[in-house]
Amino acid sequence: MIVLQVIVSGLLLGAVYALFSSGLTLIWGMMNVVNFAHGDFVMLAMYIAFFCWTGLHAGPALSVPLAAGGLFLLGVIVYFGLIKGVMRGPMLAQIISTFGLALLLRYSAFWAFSANFVTLPGDLVGGTIIVGSLRIPASRLVAGLVALLLTLGMHLMLTRTMLGSRMLAVAEDRQAAMLVGIRPDPMQALAWGLGAASTGIAGALIALFYYISPTVGESLVLIAFVVVCLGGFGSVPGALVAGLLIGVIESLSAYWVGAVYQDAVVYALFLAVLWIRPQGLMGTL
Amino acid sequence: MLKLSRRSLGRMALAVPMVAPVFSIGRALAAPTVKIGAIFPLSGNAGSAGQGLQRALGVAIDIVNNAHPDLKALPLGPTAGLPGLDGAKVEVTFADHQGNPAVSQSDALRLITQDKVIAMTGCYQSSCTLTASAVAERYGIPFVAGESSAPNLTERGFKWFFRTTPIGTNFGEAYGNFLAGLAKTGHPVSSVAIVNENTDYGSSTGDAIAAGLKKYNLNLALRIPYNANATDLSSEVLQLKKANPDTVIFVSYTSDSILYIKTMQTLGYKPPVVIGDDSGFSDPAFVKAVGNLAQGAVNRSSFGAGKEGSTSWVVNQMYEKAAGHALDDTSARGMNGFLVLCDAIDRAGSTEPAKIQAALRATDLSADQIMIGYNGVKFGPDGQNQLASTLLVQLRDTSWDVVWPESKATAALVLPFKG
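Just so you know, the protein sequences line up as chains A and B, in that order.
Letter 187 of the first sequence, counting from 1, is numbered 187 in the numbering used here, and no numbers are missing.
Letter 260 of the second sequence, counting from 1, is numbered 260 in the numbering used here, and no numbers are missing.
In short, the hints are calculated from the structure, not lab data.
The beta-carbon is built from N, C-alpha and C at its ideal position, and this holds for glycine as well.
Where hints are given, some of them may not hold.
As the list claims (entries may be wrong) - Label pairs and their computed distance ranges (CB to CB): (1) Asp368/B to Tyr107/A: 37 to 47 Å; (2) Met87/A to Glu352/B: 49 to 59 Å; (3) Asp364/B to Asp123/A: 49 to 59 Å.
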């Protein structure tokens with residue numbers, strides 16, 4: 001029975017990875033810009049959730065929309081203030097600029113919130129659900145369900161709406177999109193805004209069961225890159241599948257092989273998959 | 001599609017250590033100042049512990065540089081500055097290693113060659129102390145570690161390295177002795193699990209604890225090494241749940257300690273005895289974040305504020321004024337290490353590293369002359385303080401009460417772990 005619990009824990013962890021990576025997929029897939037500040041966006045959203053609780057005694061019902069709105073705004077500001085200009089520069093400038101943004105956000109957080117670790121009360125979303133010998137934390141279940149809904153929503157938006165088609169057109173060929181009358185700037189700003197907003201939702205939900213500190217994004221961001229890469233660049237459902245897969249593999253390998261070897265197992269499998277399918281599980285070449 | 005070349009990734013990796021800030025506190029007066037370097041994790045995952053240590057050193061600088069008649073028991077308490085150096089003030093240059101041993105190494109090099117510090121202290125994480133003290137050894141600069149407890153640090157045959165804190169072997173002995181005592185009072189301690197993070201601190205302390213358990217004929221049922229930066233610890237907790245030991249000893253830093261307690265709660269796992277090996281459990285952030293889920297946890301500590309008016313009580317008041325919370329064990333150990341170093345510089349009456357080294361070797365402080373609960377400070381040939389000792393404390397509400405050894409206990413031990 002314990003193995004079943006390990007798998008369930010892995011799936012719940014994987015859903016968090018997927019949730020965390022969804023915004024990155026959108027920005028990476030749409031803009032071909034690697035957002036190194038992604039983890040720090042999540043960190044900011046976690047602090048929004050924390051201050052919603054300490055200041056207003058409000059749970060995720062308020063903090064999730066607030067974090068989504070706040071981060072949407074931040075995404076748009078970052079696009080117009082930083083990315084738009086840097087996109088014209090060399091590739092290295094693009095990489096270092098979001099890296100610089102990440103450090104700016106992280107060290108500003110150290111200054112503003114101190115290095116202390118804080119947490120939200122564990123029972124903001126209904127404690128733990130017990131099914132037989134299985135224990136499922138409600139907060140993680142909610143995060144998992146939101147990950148599914150968010151993935152579905154984003155996928156439908158990109159593939160079924162005019163807005164999505166326009167965004168994809170800009171991603172495909174900026175010049176050609178302009179020729180057919182699509183203004184690329186609003187589309188790309190929207191991609192950054194939506195990507196950041198979904199990161200906001202992820203952060204506010206992850207804050208329910210994780211610790212919050214200025215460096216928390218740093219420990220989560222690497223796995224987000226792996227998830228996006230494994231799922232296929234720009235493929236939103238791919239990120240979901242990859243997130244779940246990595247979560248389960250991590251949990252099972254930590255349980256069977258040992259916690260110190262879990263990363264080795266995950267990355268070995270990751271490289272093996274990329275060797276067979278360089279475009280990722282659900283990406284296209 | 002964005003492609004990252006190997007070179008661009010390499011450049012990014014190089015950019016990381018460059019952001020480590022360096023800044024000074026202390027008083028730079030016209031009178032000669034004594035420059036000491038202090039390297040701590042002021043940011044990064046252990047940032048809260050590092051900042052606590054920085055505040056503690058701030059209080060220690062105040063104690064050394066200004067006259068405090070109420071601290072007459074401390075060698076440099078009642079006087080202003082270092083009397084042995086005509087009242088010279090100490091000035092500390094802080095550097096941030098972010099929890100990265102490579103950054104710690106380059107920080108040490110910079111402090112010695114550019115800032116010209118005459119002695120050093122630090123670095124919290126043993127892995128970072130390991131690299132920084134190796135640089136100090138090469139340059140012949142005295143290094144006093146106040147809080148890094150991996151036993152191997154003083155097993156390297158270094159001539160310039162001194163350590164005031166108790167170490168893994170002391171803790172192993174203490175836990176073994178404590179648990180063997182518990183067994184006699186009817187508490188089951190037939191199996192013990194050690195869960196240790198896998199850097200220098202966790203691994204070597206885990207080894208020392210395993211040796212301590214063996215000495216007292218206690219059964220080590222399970223040992224789980226793990227990565228302190230892990231994003232999820234469910235599998236580790238489930239491994240514990242399956243093995244079901246009577247006692248679990250966590251050798252963990254702050255973020256992972258918090259994550260363990262939260263995960264144990266969600267997975268409904270409560271071993272009868274939970275022991276935290278200082279670091280993470282002693283971070284004030286731990287009690288603030290998960291104190292309500294960790295009631296009854298046992299922890300090791302060397303600091304207790306003690307009776308009103310005592311040296312430790314006065315120091316605790318000063319720290320509380322500066323930090324807004326009581327002095328924690330880690331910060332107290334760091335502060336003590338720094339004060340011992342300042343005392344040696346004062347006795348050396350010189351800023352020459354060799355004379356300070358000789359004074360450190362001659363250090364002989366009694367329990368009354370320090371602000372922490374050791375039996376005193378006297379270094380062995382390996383640089384380890386032979387009078388270092390440890391207490392065990394238990395979490396009740398938001399404070400840690402001394403429960404072991406009985407001679408120093410201020411409260412009775414209450415088991416099992418409540419969670």
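How the hints compare with the structure:
For the pair aspartate 368/B and tyrosine 107/A, the supplied restraint of 37 to 47 Å holds, since their beta-carbon distance comes to about 42 Å. In this structure, methionine 87/A and glutamate 352/B meet the distance hint of 49 to 59 Å, their C-beta atoms being roughly 58 Å apart. Taking the beta carbon of each, aspartate 364/B and aspartate 123/A are about 54 Å apart, inside 49 to 59 Å as hinted.
Taken one by one, the earlier hints all hold for this structure without exception.
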